[in-house]
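S.K.: Chains A and B are the protein sequences, given in the same order. Each position in the first sequence, counted from 1, maps to that position plus 26 in the numbering used here. Each position in the second sequence, counted from 1, maps to that position plus 26 in the numbering used here.
Keep in mind the hints are simulated off the structure, nothing from the lab. Backbone N, C-alpha and C define an ideal beta-carbon position, used for all residues, glycine too. Fair warning: there could be bad hints in the mix.
[As the list claims (entries may be wrong)] Simulated crosslink set (DSSO-like; lysine-lysine; CA at most 27 Å straight-line):
#1 A/176 - B/176
#2 B/176 - A/174
#3 B/174 - A/174
#4 B/174 - A/176
[As the list claims (entries may be wrong)] Just so you have them, the derived chain B footprint on chain A, three or more residues with Cβ under 8 Å:
#5 42-55
#6 184-191
Number of protein chains: 2
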Amino acid sequence: MSFKPDYIRPLDLRHGRVDMNHGAGGRASAQLIEELFVRELDNEFLRQGDDGARLPAPPPGTRLVMATDAHVISPLAFPGGDIGCLAVHGTINDVAMNGAVPLYLAASFVLEEGLPLAELRAIVASMAAAARAAGVPVVAGDTKVVEKGKGDGLFIATTGVGWVDERIHLSGAHARAGDVVLLSGPVGEHGVAVLSQRESLEFETRIESDTAALHGLVAAMLEALGPGAPGLRTLRDPTRGGLATTLNEIARQSGVGMLLHEAAIPVRAEVRGACELLGLDPLYVANEGKLVAVCAPERAPLLLDAMRAHARGRDAARIGVVTDDPLRFVQMRTLLGGRRVVDWLSGEPLPRIC
Amino acid sequence: MSFKPDYIRPLDLRHGRVDMNHGAGGRASAQLIEELFVRELDNEFLRQGDDGARLPAPPPGTRLVMATDAHVISPLAFPGGDIGCLAVHGTINDVAMNGAVPLYLAASFVLEEGLPLAELRAIVASMAAAARAAGVPVVAGDTKVVEKGKGDGLFIATTGVGWVDERIHLSGAHARAGDVVLLSGPVGEHGVAVLSQRESLEFETRIESDTAALHGLVAAMLEALGPGAPGLRTLRDPTRGGLATTLNEIARQSGVGMLLHEAAIPVRAEVRGACELLGLDPLYVANEGKLVAVCAPERAPLLLDAMRAHARGRDAARIGVVTDDPLRFVQMRTLLGGRRVVDWLSGEPLPRIC
Numbered sequence: 027m028s029f030k031p032d033y034i035r036p037l038d039l040r041h042g043r044v045d046m047n048h049g050a051g052g053r054a055s056a057q058l059i060e061e062l063f064v065r066e067l068d069n070e071f072l073r074q075g076d077d078g079a080r081l082p083a084p085p086p087g088t089r090l091v092m093a094t095d096a097h098v099i100s101p102l103a104f105p106g107g108d109i110g111c112l113a114v115h116g117t118i119n120d121v122a123m124n125g126a127v128p129l130y131l132a133a134s135f136v137l138e139e140g141l142p143l144a145e146l147r148a149i150v151a152s153m154a155a156a157a158r159a160a161g162v163p164v165v166a167g168d169t170k171v172v173e174k175g176k177g178d179g180l181f182i183a184t185t186g187v188g189w190v191d192e193r194i195h196l197s198g199a200h201a202r203a204g205d206v207v208l209l210s211g212p213v214g215e216h217g218v219a220v221l222s223q224r225e226s227l228e229f230e231t232r233i234e235s236d237t238a239a240l241h242g243l244v245a246a247m248l249e250a251l252g253p254g255a256p257g258l259r260t261l262r263d264p265t266r267g268g269l270a271t272t273l274n275e276i277a278r279q280s281g282v283g284m285l286l287h288e289a290a291i292p293v294r295a296e297v298r299g300a301c302e303l304l305g306l307d308p309l310y311v312a313n314e315g316k317l318v319a320v321c322a323p324e325r326a327p328l329l330l331d332a333m334r335a336h337a338r339g340r341d342a343a344r345i346g347v348v349t350d351d352p353l354r355f356v357q358m359r360t361l362l363g364g365r366r367v368v369d370w371l372s373g374e375p376l377p378r379i380c
Numbered sequence: 027m028s029f030k031p032d033y034i035r036p037l038d039l040r041h042g043r044v045d046m047n048h049g050a051g052g053r054a055s056a057q058l059i060e061e062l063f064v065r066e067l068d069n070e071f072l073r074q075g076d077d078g079a080r081l082p083a084p085p086p087g088t089r090l091v092m093a094t095d096a097h098v099i100s101p102l103a104f105p106g107g108d109i110g111c112l113a114v115h116g117t118i119n120d121v122a123m124n125g126a127v128p129l130y131l132a133a134s135f136v137l138e139e140g141l142p143l144a145e146l147r148a149i150v151a152s153m154a155a156a157a158r159a160a161g162v163p164v165v166a167g168d169t170k171v172v173e174k175g176k177g178d179g180l181f182i183a184t185t186g187v188g189w190v191d192e193r194i195h196l197s198g199a200h201a202r203a204g205d206v207v208l209l210s211g212p213v214g215e216h217g218v219a220v221l222s223q224r225e226s227l228e229f230e231t232r233i234e235s236d237t238a239a240l241h242g243l244v245a246a247m248l249e250a251l252g253p254g255a256p257g258l259r260t261l262r263d264p265t266r267g268g269l270a271t272t273l274n275e276i277a278r279q280s281g282v283g284m285l286l287h288e289a290a291i292p293v294r295a296e297v298r299g300a301c302e303l304l305g306l307d308p309l310y311v312a313n314e315g316k317l318v319a320v321c322a323p324e325r326a327p328l329l330l331d332a333m334r335a336h337a338r339g340r341d342a343a344r345i346g347v348v349t350d351d352p353l354r355f356v357q358m359r360t361l362l363g364g365r366r367v368v369d370w371l372s373g374e375p376l377p378r379i380c
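Chain A with its partners taken away, still in its complex shape (with noise of 0.2 Å):
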């Protein structure tokens, strides 16, 4: 199927930019979604070219698990990847989160008048990639335009479907005293790597953001605990606001305290040195291919030998427990013996890191 009469050039995918027309909802829009969209992204169910996509249903025994993530970051690419891939992962992981077997993805694209059409082939050509490296097809999408001024090059906002077994109900809710707090590998690679190209800082390592898909990761989780993941109570990717302000709302939904050992903690030597440079708490800064996993202590020698047994967990550790603390405070006994509190973070030290 072509839309195009013979008279309509083809996209200049070299030097053409953005404008108004793309987003009108005409002619232009159409060879946009066509030339560029529906070509990177490809995929049965996209080209249908309805307003949405008619898809095969979950199994039974399952619940639909659902996530939303808009992603504004800035500069749109960053060592490592770019905002196409970032916001792939992003909502896949926060459907992994749930324990949920990510099915399809729909994405939103907000364009501002001007960007160049190489650049967001590019971008595109990303998502495209890490969709199908996932194995998670881009199923719908939309495309808008705003005048130069009123946008930031291009957001995108990705929407996530999945399946969960029924049996499986992990929340942030389900942690509680005595559990055990793991982590899937070193902390703050993302916001890094984010920071230092935006401020064109150069260290002695380029640090890579760690952004990656996660479900195959808590798929090898599931299967080792068996049917229904018995003594799994949550899982989270501590994103925006880091380890930190991940742990404190897990703590606050579960009515639960925290007790980390700073020394378990992995941090690379290389993020650490970044970091003090930088005036930055590595437990504060944003982590986009890492898990935190709260479970039964019984259940987590099995569960952290099936994290370090998968590419995405190799560096996994027992970070922690949960404690009985009315007052929900997440502490942390520290390298040198001392105990402080880790509390949610509350300036803003990296706006637009994802």
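Please arrange chain B on chain A, whose structure you already have, making use of the hints.
M.R.: Chain B alone, transformed into the frame defined by chain A:
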């Protein structure tokens, strides 16, 4: 559940403004979500407070339907609605045009620093009211903040999920020569309402947007046709680009032509007058509460009756037929008896209309 330590003041919803902290993922983000978004949109799924919602799955014998829309309308409020209810109606309608029952919505917000919280709350309240009236809850959300001058008040991307009886398969590609084209009511109201607000025009009669959820009308139409909705080929809502563009899309997808009867296309006198004043053709002006149906000729009387019996289809009309035309032209027999081609929208008379 409340996350708020005693020393945090409630949001100042009267005089406060969105600041960068509200997007940083820390305490200020949590407060904005809890005191504004969750309070207004309140439902059992959003209250779970996790990164995604866990939802009852659709019944057996169905297909999932997923649709997404970014909303960048300017101004944010207009006669008859605002970006909040529009974001709900638009996405419900995209799901419904698949013959589906809309079940759940997810909403991502991109807020511009400095947006008054009172304005944001009014929009979210309008969204909540529209979702409640439609019976389709907003079950997941996300909020990001961009610096002043990098956005335009707010953008909302809404994604909808629903289910459709697997025996029903509607598509813009299913129209065939001899089919009948039905329209649910008069065209052009949404675009004219937005434009009059934007340009501060005053007409003798206030023209309101037709923004409305159409899944009730669709359900009534499917009910009238019986199991599998035999004879119904296509449903489509003529939004951006108007009726003319939507019919051209269907003609292109199906590889057919169309012949419309100008005299049969309902346009309110005041909309016609405003369009003349503004130099617009009502056939190219956006609608947000109308649908086009293509069906087999023998089913048309039944379908038209069902549409007219529903509040959203009272003025439904048979506006033309599908023709055998390898050039896929949409043509119109004019009031004066001539014939003209109704081409795609190719200029851009109405930017940021939805």
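S.K.: Which of the listed hints are broken here?
M.R.: The structure conflicts with no hint, since it agrees with every one listed earlier.
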